[in-house]
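With chain A fixed as given, assemble chain B onto it according to the hints.
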Amino acid sequence: MSASDQFRTYRPFLGPFDPCPPIQEKSYNVPPQLFISFQPPNLPQFSPYEALKYGTLWPALYGPYPDPSRKEAGGD
Amino acid sequence: MWAYEKKLQYPVRVSKCDPLMAKFLMEQYGGADGELAAALRYLNQRYTIPDKVVGLLTDIGTEEFAHLEMIATMVYKLTKDATPAQMKAAGLGDHYAAHDSALFYTNAAGVPWTASYIAAKGDPIADLYEDIAAEEKARATYQWLIDMTDDVDLQDSLKYLREREIVHSLRFREAVEILKDKQDQRIYF
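Residue numbers (the numbering used here), protein chains in the order written: chain A, 1 to 76; chain B, 77 to 265.
One chain only, chain B, in its complex shape:
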């Protein structure tokens, strides 16, 4: 079970009225390498991974939901006051036709989220390498998002989220080292 804290993991402030950026941010909401895919990928894999790294997948999977909330907040702030005309101008006309201003799990191109974005091979090394790749792809996505806005407040939150991908990637790499079970040969121990 989870305990919910009614606050964001990191503050989200959006200072520029830019509904087009909301469309791009959707890539991290309902995209293949987005936060929803990340959370569901890790929280599903943890049942069939060695005990030593179950807690890591639980922790990171949970944090991904906290990131999902931050992305949702950004998208909501950027679209909640947009008129239908503004939504159309931002390339969100087809979204508006189906959802009004409601959020939905699609990528930046409007393609709905699908479980085929995530994997669970059951092989611990294969799954952890998948997770490392997912973190690097999410880091890259954040870089391209940072490149596409000049809103320094939005950039600030995106930079925080990008750094978390870096930390998660290292933790998954460490999980691989733990499962290799050869740490007694490393100089640190």
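Extracted from the complex, chain A is given alone in its bound form:
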């Protein structure tokens, strides 16, 4: 699973009398551990520096946040 495929979106119901400007689309995270029930041996590894930076030795377990495919993401 690629690092850019870890978010799902849905469009919630918007009422005609909602008091605040609506958020048209909501997203939620589906990180990689959901799709690996048992890690197979000999997966490709990050370099030691990358592994420290990312918090995991394996690209297959890396889950970025916020969604890297969303430009506006990254705090307020």
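It cannot be assumed that every hint is accurate.
[To be verified] The calculated lysine to any residue pairs, modelled on SDA-like cross-linking and capped at a C-alpha distance of 20 Å, are:
{"id": "1", "chain 1": "B", "residue 1": "Lys128", "chain 2": "B", "residue 2": "Gly198"}
{"id": "2", "chain 1": "A", "residue 1": "Lys53", "chain 2": "B", "residue 2": "Gln219"}
{"id": "3", "chain 1": "B", "residue 1": "Lys213", "chain 2": "A", "residue 2": "Asn29"}
{"id": "4", "chain 1": "B", "residue 1": "Lys258", "chain 2": "A", "residue 2": "Phe35"}
{"id": "5", "chain 1": "B", "residue 1": "Lys256", "chain 2": "A", "residue 2": "Gln39"}
[Unchecked claim] Here are the simulated distance ranges between beta carbons:
{"id": "6", "chain 1": "A", "residue 1": "Ile36", "chain 2": "B", "residue 2": "Leu119", "range": "19 to 27 Å"}
{"id": "7", "chain 1": "B", "residue 1": "Ala79", "chain 2": "A", "residue 2": "Gln39", "range": "25 to 33 Å"}
{"id": "8", "chain 1": "A", "residue 1": "Cys20", "chain 2": "B", "residue 2": "Lys92", "range": "25 to 33 Å"}
{"id": "9", "chain 1": "A", "residue 1": "Tyr49", "chain 2": "B", "residue 2": "Ala173", "range": "38 to 46 Å"}
Keep in mind the hints are simulated off the structure, nothing from the lab. Owing to the predicted nature of the structure, the values given are computational and were not obtained by experimental measurement. Yeah, the Cβ is synthetic: ideal placement off N, Cα and C, and Gly gets one too.
Below, chain B alone, put in the same frame as chain A:
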């Protein structure tokens, strides 16, 4: 017993003076899904779990204390130079009244930590599913914390901690598979 290394598991740098963020970070310090609850939950459960996964609970429980240190460092850096007025402005006036700048195990709303946040049912599957849920809740908490700050250095440490929740969740899921004891039927073996 433990051997202590006098360093953090991952560097913590806080670049923005934002005592309000310290209040929010308390959720991971003394909250229901925080690092203290995680460490105590795993290190307590390990006595009554099958031998095959005791080591996993010891390792992860120990790492949670390393994460607790990182959160403590963030909170300390954000509050150590705050005046009483700044603490009040950050919603930490009631904390200051009881604790000055000392850290204490409360959640972001100031509710003290309680052992009812953790569970030990004695049933290995029930306990491991509890642990998986705790990791996912902690991952989500880190996401909301990342969303609430624009300090890229603080975000960097929080992203590292969030990734560790992902890895721990997978390890607990693997522990369930080991206890199901049906691995000979899996294609990987």
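Checklist line | Hints not upheld, ascending by number | finding: none
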